[in-house]
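A.B. asks: Here are the chains, one letter per residue:
There are 2 protein chains.
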Amino acid sequence: MAEPRITSLDGKLAEEFAIPSHVDEVKEQMSDFAGHHVRAGRRVVLITSGGTKVPLESRTVRFLDNFSSGRRGASSAEYFIDSGYAVIFLHRHRSLFPYARTFSTINMLDALQFRSGQGGSGSAEVVVNQQVLPNVPKVLKRYQEVKEQRLLLPIEFNTLSEYLHLLKAAAQALNTIGSKAMFYLAAAVSDFYIPASEMPEHKIQSSNGPLQLSLNMVPKILSPLVKDWAPQAFVVSFKLETDATILLGKARRALDTYRHQVVVANILDSRRGYVVVVTPDTQAELILTEEDVKNDIEIEERIVSNLTSAHNKFINQQVG
Amino acid sequence: MAEPRITSLDGKLAEEFAIPSHVDEVKEQMSDFAGHHVRAGRRVVLITSGGTKVPLESRTVRFLDNFSSGRRGASSAEYFIDSGYAVIFLHRHRSLFPYARTFSTINMLDALQFRSGQGGSGSAEVVVNQQVLPNVPKVLKRYQEVKEQRLLLPIEFNTLSEYLHLLKAAAQALNTIGSKAMFYLAAAVSDFYIPASEMPEHKIQSSNGPLQLSLNMVPKILSPLVKDWAPQAFVVSFKLETDATILLGKARRALDTYRHQVVVANILDSRRGYVVVVTPDTQAELILTEEDVKNDIEIEERIVSNLTSAHNKFINQQVG
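Taken in order, these protein sequences are the chains called G and V.
Just so we're aligned: the first sequence equals residues 1 to 320 in full-length UniProt numbering.
Just so we're aligned: the second sequence equals residues 1 to 320 in full-length UniProt numbering.
So here's chain G without its partners, still in its complex pose (with noise of 0.2 Å):
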């Protein structure tokens, strides 16, 4: 039944959606990535982080975009890896990036001074001020070790074609290393597109008046990537809605139609304090308290801790 629908998905994604010229590169990079973590006994998660454009012409002036700053993907890399994981990071471009996250919203300039005590100008030397960003230190120095051990692989996208390439790709490639892999899809993907046979190539005009869009369906790349690119691999999906009344019941219907083990739910409004944990067999609530939001604790943090415990009794029964 479900045959003739994943042929005409990967028929569809080559051709309305335009391939990266870089995705064969991009799919050896993370297979070589993958197979080196695995036999120094590291299991590989791959994390899709940020929103998605979706153009509206071909010259692209305008496009459709997905609220995400990447804020959990960001965060959740790096509990992930402190967490024993390889982490291949499938980005939006410009969204936050683990370590680096943490000088976001400052701008760098005014964290910056010449260090005092120096004479000539020629080779002024210029430090981080502390007093400004006092993690500084201890993120560069995690940051340095994880580079060192080349825990982190960052892959950028901007639009959902890209994305969704990408996303294949990366399945493909970590198909591989079986159970070991997991796919944390945090990204905020367009379920709208508009088909590259339909986009006007120039930019819209105003003088023609009011516009109407019409936007076709994202196919549900979930689908063929549980049933054919990465049967064996673990899989949580995201569910952001604004209406927590129908929110637990879109996250129930997502594991009966794409049959993978995870769907993480939340609340656009208190999603950094409350999520929800959805499996076939369970349902656990995150919650944050006062005390925790006091003491810098993350959910992802949370989140994180849950799914590792997870994913390590799925491997466990495949083995058994």
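Since the hints were derived computationally from the structure, they do not count as laboratory data.
Predicted model only: the values in this text are computed from it and were never measured.
It is possible that some hints are incorrect.
Since the list can't tell identical chains apart, any single copy or any two copies may satisfy a pair.
[Said to hold, decoys possible] Cross-link-like lysine-lysine pairs, in silico, PhoX-like; alpha carbons within 25 Å at most:
hint	residue 1	residue 2
1	250	203
2	313	227
3	27	12
4	239	227
5	27	313
Given chain G, work out where chain V should sit, using these hints.
C.D. replies: Frame of chain G, contents of chain V only:
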């Protein structure tokens, strides 16, 4: 003839575009800033920069956006300051920022290192690696001078509504300095929007099938800006097209319609090396040669030089 249109635009602004709560406070800041600098013998330019966000839902998950990194606005701000102007920088949140734009393409953590020869990790000093960022002392020095002299007033917007109301406030604030004010409207402003009354509250459900969007035209704010809010100011608008054959016609038509001073016309693909500065009587092509590009000359330096001369003449004509 124009009266009813303007009245209706003011009404429309208040009705269909949510007024930001801090608009009065910002207006006073801008007014104080302009007054202070004009008394000190400077001119004041209001630069708008970056794209506007147009929400599709009132609890926003999805939005329409315009392609713009904010590079032109950020770099122009620096050249205006070098030419003796004070700058109000009305920019999209997280778009490129004057001076800090130098670091926009790198991960700051790749440019930081622990100071060598240090003992205890307790007081580890973190310095900028000037092999990665050779310009940092020069840029930091200039940034600190500009900050000390308060020559740059940054104001942020996210949505189209915020942009429209803050621009109106800026125009009214700068009206008090008459012809000494320049408006340099480089932001990529949406031509279309969904009125608050027609916007769904919750996230649009993809299960309802393909998406039909009907967008209204954004009122042309240049018209009341030139006629009513700041009638003595020197006003520069930008025209970006992807189709070169319609560009100059559209620039001339804009000057005829809005009766302002200058349109800077440019084509998406060549915008960093070629613009046409169009006035009612003249048309000047500004072009970067290969030699210029090699020497890191930016086209904004030429644009700003052209416009500050024209502004000078404009002021003298008003006086004479």
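A.B. asks: Hints first: check each against the structure and report whether it holds.
C.D. replies: Results for each hint:
When the C-alpha separation of residue 250 and residue 203 is checked against a cutoff of 25 Å, the pair qualifies only between copies, where the shortest distance is 13 Å, while the shortest distance within a copy is 37 Å. Taking CA atoms no more than 25 Å apart as the test, residue 313 paired with residue 227 passes inside one copy only; the shortest distance there is 21 Å, against 70 Å between copies. In this assembly of identical chains, residue 27 and residue 12 lie within 25 Å of each other by CA distance solely inside one copy; the values are 20 Å within and 51 Å between copies. Within a single copy, residue 239 and residue 227 get their C-alpha atoms as close as 20 Å, which meets the 25 Å cut-off; across copies the closest is 49 Å, which misses it.
In this assembly of identical chains, residue 27 and residue 313 lie within 25 Å of each other by CA distance neither inside one copy nor across copies; the values are 28 Å within and 59 Å between.
Violated hints amount to a single one, hint 5; each of the other numbered hints is respected by the structure.
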